[in-house]
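If you want the building blocks of each chain, they are given just below.
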Amino acid sequence: MQLASQNAPSPDIVIPHFVLGGLTWLCATLLITFSPEAFTQHYFNPKLLSITHLLVLGWITMVIFGALYQLIPVIMEVKLFSQKLAISSLAFLATGTILLSTAFWQFKLGLLTHIAATFIIIAVILFGINVFSTAHQSHKESIERDFILTSIIWLFFTVAAGFTLALNLTDPFLSPPHIELLKLHAHAGIAGWFLQLILGVSSRLLPMFMVSHHLTMQKLKLAYYLINAGLITGIISLYLQERTITIVSVLILISGIISFLSFLTEAYKKRIKKILDIGMKQSLMSFLILLVPLILVIVLFFDFLLPDEITVPLSIAYGSALLLGFITSLIMGQTYKTLPFIVWLKVYRQKVGKGKIPLPKDLYSEKALNVQLWLFASGFIVLFGGILTGKDIAISIAGAILFCSVLLYNFNIFKIIFHKPITEKL
Amino acid sequence: MNPEKEKIRTLLKGVIDPELMVNIVDLGLVYHITMDEDKMRIIIDMTLTSPGCPLGEVITNSARELIVENYPGHSVEINLVWEPAWSHDRLTAEGRAALGGY
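Chains as they are written, first to last, in this note's numbering: chain A, 1 to 426; chain B, 1 to 102.
Hints should not be assumed to be uniformly reliable.
Said to hold, decoys possible - Over the 10 angstroms line for every Cβ pair with chain A, so calculated as not near, a few chain B residues:
#: 1; residue: H32
#: 2; residue: D38
#: 3; residue: D45
#: 4; residue: Y71
#: 5; residue: G73
#: 6; residue: E77
#: 7; residue: A93
Said to hold, decoys possible - Residues from chain A that face chain B, not an exhaustive set, calculated with beta carbons under 10 angstroms:
#: 8; residue: I15
#: 9; residue: P16
#: 10; residue: L71
#: 11; residue: E77
#: 12; residue: K274
#: 13; residue: I275
#: 14; residue: Y348
#: 15; residue: V352
#: 16; residue: K361
Keep in mind the hints are simulated off the structure, nothing from the lab. Quick reminder that beta carbons are idealized off the backbone N, C-alpha and C, glycines included.
Looking at chain A on its own, in the form it has when it is part of the complex (with noise of 0.2 angstroms):
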């Protein structure tokens, strides 16, 4: 068996992914900065949308193919199929990005919003060739690798279901209002993209970081079932708008997760490594805050009931606990588990042993983490608090402390990678 790091992709094609995604995450905290409004009137409003598909795609989704780059030789034991492709795909993705936020800031919706969807779709296309060709190759079966390839499908059906929703806001043809329609596309995106994605890979990671071992996959089994079971009635029962069908195919969804939860908490109990470090220390925590979306879902499930100025409110909150409090927290966290391990590959490969060298944790500065970890919650919850209680000053505040934290995620993203080598003779 080869050994994960012979399979190893080349560090030149991860980098740019984090490297593109902190400077788009910082470019987002300057936004919600300056336009706080966005996330005071109703969540279908330019700036918004321009915000949240700058997060979701330049920031969030930009960070994960890089890391699955990475990840893939851990999980499936084979290289990566082609570098090539992922360089593409990256093109694709940052233009796409670019262009598609623009378009939605300024609302136009036309040619310019096509183009845009059109490179991402492509970018979509060419990371799915690349993942399922190396799938292909690598003969290592497990319920990691089918979290992450159906998340791959989720992300073309969101991607293609974006697509359709802008040609339907130009020119309609679908029956459903817009607006249930456009839950529909950013369901299939959070749950069926990013959160089985995340929870693929973490299912493969966490207790691996931990050092846990004898744990019960019929959990990781169930909540794969549950999950995508959850996914398909919702989507279809949302195209329908059959509410009752809605509800219990979120509850059948959460009780998914649920299980993902247990599993995680039995890899928590059963660690060897008692003593966690601090990307692990966020990277839990992060699964904690994923509780307030998820008892925000079932609040919103009685929106008929509550007026309009509180499920508002509620529902952005909804997607930024779900995109920042979550997502967002797990990404940073992992970050830190991730990149100084790459680039020290790369510098220190042909020193091991033959003197005294660095390990990972020393390529980054831990007071400048631990700062931008604070900074991040208080951004977070002021934000959370902003949205609910509609203030603006709030939400611009918020900005504020996040554009800092980020800052320094981004000073330390680029200590790693411009890391030189330091060597001691034994």
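Knowing the structure of chain A, use the given hints to seat chain B on it.
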């Protein structure tokens, strides 16, 4: 264990898993040491905490370089084995203490 094998085992305590910050001997990763002084050959059978361990190559290279440096002229072979699979039972008392008292 014969003195040379014991010496090699002690040397291997200098190989640290960079993620866990514990040496590979106290982690229980070193299964068997074979030394053929006539043929000047050293074979170490070892494993990793998980098959997908991204630091596997680093750990095995560290082990090889360390032994080569201390036994010039010898051929050093590191065999990665996956059976029996590693488990926490193989941790030494020092390894458990280093991991936070497991």
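So, going through the hints one by one against the coordinates:
no.	hint	in the structure
1	H32	holds, 19 angstroms
2	D38	holds, 26 angstroms
3	D45	holds, 15 angstroms
4	Y71	holds, 13 angstroms
5	G73	holds, 17 angstroms
6	E77	holds, 15 angstroms
7	A93	holds, 14 angstroms
8	I15	violated, 16 angstroms
9	P16	violated, 20 angstroms
10	L71	holds, 9 angstroms
11	E77	holds, 7 angstroms
12	K274	holds, 3 angstroms
13	I275	holds, 4 angstroms
14	Y348	holds, 8 angstroms
15	V352	holds, 5 angstroms
16	K361	holds, 8 angstroms
Consistency with the previously given hints fails for numbers 8 and 9, ordered from lowest to highest.
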